[in-house]
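Participant: The primary structure of each chain is shown beneath.
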Amino acid sequence: MKQTIAEKILSKKNIERKEVKAGDIILGKPDVILINDASGPLTFIQFRNIGAKKVADPQSVIVVLDHFSPPPSLSAAEAFKETRKFVQEYEIPNFFEIGKGGIEHTLLPEKGFIKPGSLIIGGDSHTCTYGAFNAFGTGLGSTDIAVALALGYTWFLVPESQRFKFEGRRMPFVSGKDLILRVIKDIGVDGATYQSMEFTGNGLLQFNIDEYMALCNMAVEAGAKTGIVEANENIAKWAVSKFGDLPELIKADENAEYINSIEYNLSEIDEPLVAKPHSPGNVVNISEVEGIHVDQVYIGNCANGTLTDLRQAAFVLKGRNVAKGTRLIVVPATQQIYKQAIKEGLIDIFLEAGASISTPTCGACFGGHMGLLSDGEVAIATTNRNFRGRMGSAKAEIYLANAFVAAASAVTGYITNPKKVVDWEEAKKFVYGDHNVN
Amino acid sequence: MLIEGNIHIVGDNVDTDVIIPGRYLSLTDPKEIAKHIFEGVEPEFVKRVKPGDIIVAGRNFGSGSSREHAVIGLKALGISAIVAKSFARIFYRNAINVGLPIFISPQLVEFLEKMEIRGVGSFIKSTDLKIRIYAESGEIEFLDKKFRSTALPTFIQDIIASGGIIEWAKKRLGR
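Protein chains in written order, with this note's numbering: chain A, 1 to 438; chain B, 439 to 613.
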């Protein structure tokens, strides 16, 4: 049978170990079950309702305190306490306390929990981020996670797949973020509902693994069950550097069945894109929104608080100041990224520019704390959602963009094409080193 | 089972952040969660809803977050069913898991869109019009008209017949 990437991974994880095709409903055993503080407490209630005496496979479970980290309210503190209690009671070995980890989707691959071909389920919709590592990640609700904890497996509908191929030359200041914004612009916010979005093409070799995270992270913004980058040289290099040897990499069979295929010539995505309020699908070229004043700039989140994002932002901010009337919040995604950013002098650059730097947290991105917007305010963020009320007031407006654009907008105080602030040839050396970027 | 109630109408792509803002995700008590449903866009909505009321929505209802708080809150508020043109994936699964009946009926929604229905509210139009849903057959009655809704996959019907995913898991655990 000719199989897509999703069909191949689910065939391996099917507890009956049979080949599967789109439309099949299977029982699958995930390699990783991710729990956070926002959906965890409801999971624990349902787990107890099932009456399970133990977690089926504690080794597969990873618990991260990241959404309300550190807790801004008594109810959040209570949620943290519940989470710690569960971890202790059911002897979960992999638990990431405040100060010991960071934002889940950046943290798990960093700590070596994600391998090509893995199946990951998480009580968070952006679990699809792991597609960056050639893995199948999908978000589920609290009750579904409780069932998987108790049984060690759960049911999956094998998704149909769409294929997105990128060829051609990467253009200045265009990042992984722009690729997914362009795709969502084209297929719409329900354009891939229940499907697997599979990303391929030699063009992707000019983007790095951090940027693949941004690409896959927003697959759910098109309604997808997962988004997966087909195995390529970059993923192979990352895997070898991470694990010492080369795990099995997953590619689709030739002539595998895709319900839709779109090919992009990267040279046609010739300037950064911006999603306007209040939908991640409301995407325009930056030239259409340049000049809009921004009260707040937010650089961070589960896909765009990586070292690559911080380097992109730092290069733009180096020797410059955040504009009067605008504020900048920078959130390194993990403790390790934070530490490396200090080592490379990025944090110094942010501090000197007048940025507020926060401990790793989902905070303002999901509207929990650490930078909410008030009525009438306008923000530009490297995050994944600009839904009404997402970052605080429902009367605020959020624009989404890559880190170059966000930083350039912080410098001027209005949405700005980074090419007007810095030079690409210098920027790419600073950000990508010897990575193969045009 | 017959579900009957007044309808509240919303548009396309109603997302989970709009249904329940992120700052309330540390809550677990359904009654507390229910107090904040649609708070940002329609603060008066929670006062307008009566037990048994039904939400009618456009495409992609419940898009975005995996937060089960959205379905738990709607259910605790007294919403007895949601009929939409389509649902976002995780919301759909969550609704089935916690026993909030959902029905996909583009025909009904398009019919309502063509009528110029008066109602209270800007983001959510609340009406005193009733619909009746025959849950087993999926047939929906509105005024003198009948509309079909899409049947659920057999596997999901089995979960519902078991009494929900928790009961389904209990049974499997006992094996």
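Careful, some of the hints might be misleading.
To be verified - Listed below are the simulated SDA-like cross-link pairs for lysine to any residue, each with C-alpha atoms no more than 25 Å apart in a straight line: (1) B:K469 / A:K29; (2) A:K29 / B:D467; (3) A:K111 / A:W238; (4) B:K485 / A:S393.
No wet-lab data here; the hints were simulated from the structure.
Participant: Indicate, hint by hint, whether the structure satisfies it.
Facilitator: Evaluated hints:
no., hint, result
1, B:K469 / A:K29, "34 Å, violated"
2, A:K29 / B:D467, "31 Å, violated"
3, A:K111 / A:W238, "13 Å, holds"
4, B:K485 / A:S393, "20 Å, holds"
Going down the numbered hints, you'll see the structure goes against 1 and 2, while the others check out.
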